[in-house]
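**Student:** Sequence:
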Amino acid sequence: MKKIIRIAKTLLITYYAYMLEYRAELLLWVLSGALPFILMGVWMQAAQTGQFGLNAIDFARYFLAAFIVRQTNVVWVIWEFEKEVVQGRLSNRLLQPLDPVWHHFASHVSERFARLPFVFGLVLLFFALYPQSFWLPSLGRFLLFLLVVVLAFCLRFLIQYTFALFAFWLERASAIEQFWLLFYLFLSGIIAPLEVFPAPVREVVLWTPFPYLIHFPASILIGLPVDVGRGLLVMLGWGAVFFVWNRWLWRQGLKQYSGMGA
Numbered sequence: 001m002k003k004i005i006r007i008a009k010t011l012l013i014t015y016y017a018y019m020l021e022y023r024a025e026l027l028l029w030v031l032s033g034a035l036p037f038i039l040m041g042v043w044m045q046a047a048q049t050g051q052f053g054l055n056a057i058d059f060a061r062y063f064l065a066a067f068i069v070r071q072t073n074v075v076w077v078i079w080e081f082e083k084e085v086v087q088g089r090l091s092n093r094l095l096q097p098l099d100p101v102w103h104h105f106a107s108h109v110s111e112r113f114a115r116l117p118f119v120f121g122l123v124l125l126f127f128a129l130y131p132q133s134f135w136l137p138s139l140g141r142f143l144l145f146l147l148v149v150v151l152a153f154c155l156r157f158l159i160q161y162t163f164a165l166f167a168f169w170l171e172r173a174s175a176i177e178q179f180w181l182l183f184y185l186f187l188s189g190i191i192a193p194l195e196v197f198p199a200p201v202r203e204v205v206l207w208t209p210f211p212y213l214i215h216f217p218a219s220i221l222i223g224l225p226v227d228v229g230r231g232l233l234v235m236l237g238w239g240a241v242f243f244v245w246n247r248w249l250w251r252q253g254l255k256q257y258s259g260m261g262a
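Be aware that the sequence shown starts at 1, since it is given in my numbering, and climbs by one per residue.
To be clear, the hints were calculated from the coordinates, so they are not data collected in a lab. There could be a bad hint or two in this list.
Cut-off 20 Å, straight-line C-alpha distance, at most; resulting in silico cross-link-like pairs (SDA-like, lysine to any residue) [claimed, not checked]:
{"hint": "1", "residue 1": "3", "residue 2": "83"}
{"hint": "2", "residue 1": "83", "residue 2": "102"}
{"hint": "3", "residue 1": "255", "residue 2": "168"}
{"hint": "4", "residue 1": "255", "residue 2": "237"}
{"hint": "5", "residue 1": "83", "residue 2": "100"}
{"hint": "6", "residue 1": "83", "residue 2": "244"}
{"hint": "7", "residue 1": "9", "residue 2": "168"}
{"hint": "8", "residue 1": "255", "residue 2": "198"}
{"hint": "9", "residue 1": "255", "residue 2": "94"}
{"hint": "10", "residue 1": "9", "residue 2": "102"}
{"hint": "11", "residue 1": "3", "residue 2": "100"}
{"hint": "12", "residue 1": "3", "residue 2": "132"}
{"hint": "13", "residue 1": "3", "residue 2": "101"}
Computed Cβ-Cβ distance ranges for the label pairs, DEER-style [stated by the list, open to error]:
{"hint": "14", "residue 1": "171", "residue 2": "199", "range": "36 to 46 Å"}
{"hint": "15", "residue 1": "241", "residue 2": "172", "range": "17 to 27 Å"}
{"hint": "16", "residue 1": "243", "residue 2": "134", "range": "33 to 43 Å"}
{"hint": "17", "residue 1": "98", "residue 2": "129", "range": "44 to 54 Å"}
{"hint": "18", "residue 1": "181", "residue 2": "93", "range": "23 to 33 Å"}
{"hint": "19", "residue 1": "86", "residue 2": "113", "range": "37 to 47 Å"}
{"hint": "20", "residue 1": "112", "residue 2": "236", "range": "18 to 28 Å"}
Here the structure is a predicted model, which is why all the values come from computation and not from measurement. Using N, Cα and C, we set each Cβ at its ideal position, and we do this for glycine too.
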């Protein structure tokens, strides 16, 4: 256990220092995730004339929560892993007594802490511009949100890393992520909260992994009614499916890997 903690600490500190070298880029990455704020204005205006079950303040709080959640589960492992395979750089990682995935995971976790000040600053700016939308979640709800948002990040990372393993067979595994992104944008809750979906469509979507990446943790943070037990079970279920698939692809992919480009 001490060895695992020492390795984890070393990876996190190293990648955190690396991420701090790109503060300007981090700010741009944070701002590039501002799509929920743009859509917030659209839905707030629509709430004044339509019946969506949410008022303008609810929409403002939801899209702020969606922005916060999205900042915690930005994942780019598929592009990094794809380059490692195509350029043969994965060979060096395979010589180490550590699964290469932990390097990618540590870099993602470290990046979350590095971007945290920028996210916090934008949240304060949001409340300064829309003071009527200010709220404070209860301690219990906030702790539940932290648990769910960590699970959402792990699930998002696992899904994309599973797609990344197709780089053993395809030179552009990232094309799979681009296709997946179409469903992710429309069904995760970034474009609109699931409350505005027709009931039959919403019921089907709730069995997919998409809403649990954005909508589910965002709803918990602002207090929208959600089935927490069902949500956690669905997340764990999809996590188990992708974990098994991931490990199978990894074993099969290593048989195909030839270190091309090295």
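**Student:** Run the structure past the numbered hints and jot down the numbers of the failing ones, going up.
**Tutor:** Numbers 1, 4, 6, 7, 8, 12, 19, in rising order.
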